[in-house]
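Engineer: Read off the chains here:
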Amino acid sequence: MLETIVSIMNKTLLSYRGPFYIELISVFGSNIRNLSDVYINARKKLFKIFIELSQNVSNYSENFHMVNNVQRIGVGELYLKEHDTFYLFTTKNQVKNSDAKILAERCELINASNQIKLRQLKREQRLNSPGEKFGARIGLIQAVMLSKNELEYNVEEINDSFSHFSLTVKIDKY
Amino acid sequence: MENITLQSSQTTPYFPEVNFNISNGICEISGESYMEETYKFYLPLINWIKNYTKEVKKKLELNIKLIYLNTSSTKCILDILEILKDYKDKGGNVAVNWYYDKDDPDMIDEVEDFEVESGMKIDLIEIK
Numbered sequence: 789m790l791e792t793i794v795s796i797m798n799k800t801l802l803s804y805r806g807p808f809y810i811e812l813i814s815v816f817g818s819n820i821r822n823l824s825d826v827y828i829n830a831r832k833k834l835f836k837i838f839i840e841l842s843q844n845v846s847n848y849s850e851n852f853h854m855v856n857n858v859q860r861i862g863v864g865e866l867y868l869k870e871h872d873t874f875y876l877f878t879t880k881n882q883v884k885n886s887d888a889k890i891l892a893e894r895c896e897l898i899n900a901s902n903q904i905k906l907r908q909l910k911r912e913q914r915l916n917s918p919g920e921k922f923g924a925r926i927g928l929i930q931a932v933m934l935s936k937n938e939l940e941y942n943v944e945e946i947n948d949s950f951s952h953f954s955l956t957v958k959i960d961k962y
Numbered sequence: 010m011e012n013i014t015l016q017s018s019q020t021t022p023y024f025p026e027v028n029f030n031i032s033n034g035i036c037e038i039s040g041e042s043y044m045e046e047t048y049k050f051y052l053p054l055i056n057w058i059k060n061y062t063k064e065v066k067k068k069l070e071l072n073i074k075l076i077y078l079n080t081s082s083t084k085c086i087l088d089i090l091e092i093l094k095d096y097k098d099k100g101g102n103v104a105v106n107w108y109y110d111k112d113d114p115d116m117i118d119e120v121e122d123f124e125v126e127s128g129m130k131i132d133l134i135e136i137k
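So the protein sequences, as listed, match chains A and B. Just so you know, we're using my numbering here: the first sequence kicks off at 789 and counts up by one. Just so you know, we're using my numbering here: the second sequence kicks off at 10 and counts up by one.
Possibly wrong hints are sitting among the right ones.
With the Cβ distance kept under 10 Å, some of the chain B side facing chain A (calculated, not the full set) [stated by the list, open to error]:
1) 21
2) 23
3) 40
These are computed hints drawn from the structure, not numbers from a lab. The beta-carbon is built from N, C-alpha and C at its ideal position, and this holds for glycine as well.
Turn these sequences into a full structure, and let the hints steer you where they fit.
Structural biologist: As structure tokens, this is what we get:
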């Protein structure tokens, strides 16, 4: 009987829990860019998705640190794993239960849209965003447009007010 | 009005380098843009361009050489393009050039989206 040996890679490249300071995000991002000499396009996409989703945690996590009583820095978790043919990037942060429902609906809408519809959504959303502190509000759309894979999300209720919202994006190497 | 000159730094790579020159109307943004409080960073640039189009009223050339910009920064760039489109519609002499890496096709799509959303023509220039 032939024995097939299947090599399945599942390597954790990065794991972090704490405040998402821009200085940290930048250093992690730089490391992602320099992971290896191969999968150049995948790493470019991974970097962009990494920045977007990490900054979502930094900007919107309901668990946050105040810097000098002025600047709010979101606290959360991130995990980057490498598999044979893809990377998996996950962020997790605290959200209000009411926002978790909105976010889940938003993920469903994005997952149900093809690339043409996503591009249209992105344009509409950016044009209609009030800007200023709200940004463009297109980070999740951008992540799916870049990866061409669906968003995987999970909601774990902490109590009557808050939940943990985790988001995973798969980035194919080829 | 004065020139705006912001140097890039290896310790803060999330801020772009900025050179807005009032004497020749050439405005350049280069490097990367994914800072916190994006609007706070871009507001002086947006106001400079607004004032230039109202007070100086000469030719304005915007050269964007950003390798990466996050989605919050894209909103601010869109604000700038909308001001320039308005200036052009009122007879202003304005050109927008976007320098891109040919190995980054996603950036070409991004520029196309900017053109559609702002109505402003953008010339794509490949970086050699």
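Engineer: Let me make sure I understand: some of the numbered hints might not hold for this structure. Which ones are they, in numerical order?
Structural biologist: 3
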